[in-house]
Structure formats: C-alpha cells, structure tokens
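Asker: Starting from the two chains in their separate frames, assemble the complex, guided by the hints.
Taken in order, these protein sequences are the chains called A and B. Just so we're aligned, residue 1 is where the first sequence starts under the numbering used here, counting upward by one. Just so we're aligned, residue 1001 is where the second sequence starts under the numbering used here, counting upward by one.
Calculated directly from the structure, the hints in this document are not laboratory data. As the structure is a prediction and not an experimental result, all values here were calculated from the model. Heads up, a few of these hints could be off.
[Claimed, not checked] Chain A residues, not near chain B, derived (Cβ > 12 Å throughout):
id	residue
1	G16
2	S22
3	D77
4	L83
5	S94
6	G107
[To be verified] In silico DSS-like links for lysine-lysine, alpha-carbon gap of 27 Å or less:
id	chain 1	residue 1	chain 2	residue 2
7	B	K1107	A	K44
8	B	K1068	B	K1036
9	B	K1036	B	K1095
10	B	K1095	A	K38
11	B	K1036	B	K1056
12	B	K1067	A	K44
13	B	K1056	B	K1095
14	A	K52	B	K1095
15	B	K1070	A	K44
16	B	K1095	B	K1068
17	B	K1070	B	K1056
18	B	K1036	B	K1067
19	B	K1036	A	K38
20	B	K1056	B	K1067
21	A	K44	B	K1095
Where a beta carbon is used, it is the ideal one built from N, C-alpha and C, also for glycine.
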Amino acid sequence: DAMVIQNPRYQVTQFGKPVTLSCSQTLNHNVMYWYQQKSSQAPKLLFHYYDKDFNNEADTPDNFQSRRPNTSFCFLDIRSPGLGDAAMYLCATSRGGTLGEQYFGPGTRLTVT
Amino acid sequence: GEDVEQSLFLSVREGDSSVINCTYTDSSSTYLYWYKQEPGAGLQLLTYIFSNMDMKQDQRLTVLLNKKDKHLSLRIADTQTGDSAIYFCAESGNKLVFGAGTILRVKS
Chain A
1 DAMVIQNPRY QVTQFGKPVT LSCSQTLNHN VMYWYQQKSS QAPKLLFHYY
51 DKDFNNEADT PDNFQSRRPN TSFCFLDIRS PGLGDAAMYL CATSRGGTLG
101 EQYFGPGTRL TVT
Chain B
1001 GEDVEQSLFL SVREGDSSVI NCTYTDSSST YLYWYKQEPG AGLQLLTYIF
1051 SNMDMKQDQR LTVLLNKKDK HLSLRIADTQ TGDSAIYFCA ESGNKLVFGA
1101 GTILRVKS
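Just chain B, with the same shape it has in the complex (with noise of 0.2 Å):
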C-alpha cells in the first residue's frame, strides 16, 4: 500500500540551510509533492517535482528525488523565521497521500 514517512521534527538557525527528508512506497507516483502548514491555516502547495526529474529548483527552494531509493527531500536556502511551520510530503497515485508532517522550527 501507500505510504510516506518523514522525520518528525528539525530545528534549524536562522539564515541555515533546512532539509527536509521523506520516503515513499508508490514507485507509480507520477509527481510528488511538498506542502506547508503555518498554524492554524489549511496546507498550501510549495513546489512538487516530475516523477522523471531528479531536481527541481525554485528561488529558495530545492527538490530532490532519488526514485531509486524512493527518497525526495526539500531544501530551503538561507532559512527565514518565517518559514517556521510543519511540512508535508505527498504521494499522488489516485490521490494525495501525505506524510504525518516534519515541523520546522527556526532560531533567531
């Protein structure tokens, strides 16, 4: 079956780099995705990547994936307070499956 995991928390400083890391079982997911949850709203969509795509960047944002091992991470450059949140990794077969989320948390 369908299933995403992702480590549960990472704590960074303030203008660090962040990577965020998952793993996935459908290797028929044509796109995954990353999505971010700021506290108290619903998630909003960050970036997602191309099944056939090792890389894809955008501004401060970097996805990897390695289909081969079933891993994509999320790199966030320069790492701002405001980019405290809890993020999720999603699966798209038939439909979205999500990781339980990694929170974020940035020191100043």
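Extracted from the complex, chain A is given alone in its bound form (with noise of 0.2 Å):
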C-alpha cells in the first residue's frame, strides 16, 4: 500500500543534543510537509518541499532545518532541542495541485530530557 512512513515513532533525546527525524512516502508526490503538534494544539506547518524547492515558514525557529535528498525522502533536524521542542512530528505529503489534500504518517512522538 502507498504510504507515508515515519521513523523513529518514539525519539528521545538529551537537551542540546542534536536530533534527526525521517520520513518517507511511496506515493510518489512531490510536497512534503513537517508540521509539530503539541499537546491538545493544532498541527503547525513548520516547512515545506515543493519538489526541491525549501519553503519555511516565518515562525520556524533556525534551531530547525529539513533536507529532500530525493523524491522520496525527508529529514527533520533539530540542531539544539530545547525541552519546548518536545512534540509530536508529523509529516505529510500531497501532489502539487492539491495541497489541502495532504496523505500524513503516523508521527514521531520527541521527549528531550
């Protein structure tokens, strides 16, 4: 089944020390979104691929970056995870034409200690 996978689904990690969530899609479409989700709050658009094109949103802290190698592929770092960084993950994807009809993954779940 095409599907959007996320890696690890639970990451614990230690203040300051970096950190890197993956994604990955099989349905072959060419956004990509990492949204963060805190508790009881809406998911919040962190960025967004448009094929290798990187699009941040003006609230992102710097502390969070993203790399596309490929098509199908999508990585979330956290250079210096401070514990307001605790969150889940999610990462979503849609074809070009139709952005509210995002397909997301289950989540990664981030505990900093």
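Answerer: Here's what the structure looks like:
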C-alpha cells in the first residue's frame, strides 16, 4: 500500500543534542511537509518542500532544518533541542495541485530530557 | 490572519448524530477540510467542501458551509464507537491552517 512512513515512532534526546527525524513516502507526491503538534493544539506547519524548493514558515525557529535528498525522503533536523521542542512531529505529502489533500504519516513523538 | 476555531470536546451516545462546529477567518479559502486523528496515528482526510457549495454528503458524513458566517460543520450520522477520535477543521489559502481539534467521545 502506498503510504507515508516515519521513523522512529518515539525518539528521546537530551537537551542540546542534535536529533534527526525521518520520513519516507511511496506515493510519489512532489510536496512534503513537516508539522509540529503539541498536546491539545493544532498541527503547526514548520516548512515544506515543493519538489526541491524549500519553503520555510516565517515563525519556524532557526533551530529546525530540513533536507530532502530525493522525492521519497525528507528529514527534520533539530540542531539543539530544547525542552519546548518536545512534541509530535508529523510528516505529510500531497500532489502539487491539491495542497489541502494531504497524506500524513503516524508521527514521531519527541521527548527531550 | 488565518485562524480556525473549534469547540474542544463533544460526547454522544452510540447511534446518535454528532455535530462538530468550526469557524474560520480566511474568506479566500477555496476548500475547507475535515481531518480525523485516531490515538497514536497521523491525520486522515475525511472529506472536504468547495467554497461555492453549501452542503456535501458522503455516506454518514454531511458537511455544511455557511460562507457568510464563515461557519463549517461536520455531521456524523449513526455515530459508532469507532468514530471516537479528534476531528480537525482546516482552511486552505496558500497552506493548510488547522483548528485545535474537537475530541469526540462516543459512549456505548
């Protein structure tokens, strides 16, 4: 089945220790998104790739970076995680012409100790 | 700016209808969406409505749009325990903007 896969599902990192979250997709969608979702809050868009074009949201902290080496994979790098970065991180994909119809992965829950 | 608001919690009995309400601010949104999130899972697109429509029905789901009042609702007929989840309303301008979600609890 075509899908969006996120690894790992649970990630624990130490305060200030860099961490990378992974996302892959078999849908061959050209747009990939990273969202941050904190408890009882709406998913918040951090950035997205439209093909190879990177689009950062204005209020995304510099601490968050992303890489998309090919169509299938996208990575979220948190350079120096703080306690406030503990959250669920959701990866999503869409076809370019249907930005609202997004397919989400199951998420990675990040804990910062 | 864009803002989407939803009530936080709804509890219904199995077999009853559920109505989840949402208000949005971006009148330029072309489509409005309802997503469902089950525990431990990502969001799943349930249905959507084009902004020039008033109503859309899809099996047990009915979406009503009042564009004048910027009000969107999702009605689930014959609600089942499997419908227990968090439901997110979203508007789309140049990106999806989600509400904080409504927790639907279905009592058997």
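Asker: With reference to the structure, classify each hint as holding or not holding.
Answerer: Verification of the supplied hints:
Non-interface status of A:G16 relative to chain B is upheld: no Cβ of that chain comes within 12 Å, the nearest being about 28 Å off. Taking the minimum C-beta to C-beta distance to chain B, about 14 Å, the non-interface status of A:S22 holds against the 12 Å cut. For A:D77, the requirement that its beta carbon stay farther than 12 Å from each beta carbon of chain B is met, with the minimum near 20 Å. The Cβ of A:L83 sits about 22 Å from the closest Cβ of chain B, beyond the 12 Å cut-off, so the non-interface label holds.
The Cβ of A:S94 does not lie farther than 12 Å from every Cβ of chain B; its closest approach is about 9 Å, which violates its non-interface assignment. With a minimum CB-CB distance of about 5 Å to chain B, A:G107 fails to clear the 12 Å threshold, and the non-interface call is violated. About 31 Å separates the Cα atoms of B:K1107 and A:K44, which puts this hinted pair outside 27 Å; it is violated. Only pairs whose Cα atoms come within 27 Å are accepted, and B:K1068 paired with B:K1036 is accepted, the gap being roughly 25 Å.
Note on B:K1036 and B:K1095: the hinted pairing holds, with a Cα-Cα distance of about 18 Å set against a maximum of 27 Å. As the CA atoms of B:K1095 and A:K38 are separated by approximately 19 Å, the hinted pair is consistent with the 27 Å bound. Taking the CA atoms of B:K1036 and B:K1056, the gap is about 17 Å. The hint holds against a cut of 27 Å. Between B:K1067 and A:K44 the alpha-carbon distance is near 25 Å, which keeps this suggested pair within the 27 Å criterion.
Simply put, B:K1056 and B:K1095 have alpha-carbon atoms about 22 Å apart, close enough for the 27 Å limit, and the pair holds. Between A:K52 and B:K1095, the direct Cα distance comes to roughly 17 Å. Compliance with the 27 Å bound is thereby established for this hinted pair. Simply put, B:K1070 and A:K44 have alpha-carbon atoms about 21 Å apart, close enough for the 27 Å limit, and the pair holds. Taking the CA atoms of B:K1095 and B:K1068, the gap is about 22 Å. The hint holds against a cut of 27 Å.
Between B:K1070 and B:K1056 the alpha-carbon distance is near 16 Å, which keeps this suggested pair within the 27 Å criterion. With a C-alpha separation of about 22 Å, the suggested pairing of B:K1036 with B:K1067 holds against the 27 Å cut-off. Between the alpha carbons of B:K1036 and A:K38 the distance comes to roughly 16 Å, so the proposed pair stays at or under 27 Å and holds. At roughly 14 Å between alpha-carbon atoms, B:K1056 and B:K1067 fall within 27 Å of each other, so this suggested pair holds.
For the given pair, A:K44 sits about 11 Å from B:K1095 by alpha-carbon distance, which is consistent with the 27 Å threshold.
Hint check: violations occur at hints 5, 6 and 7; the rest are consistent with the structure.
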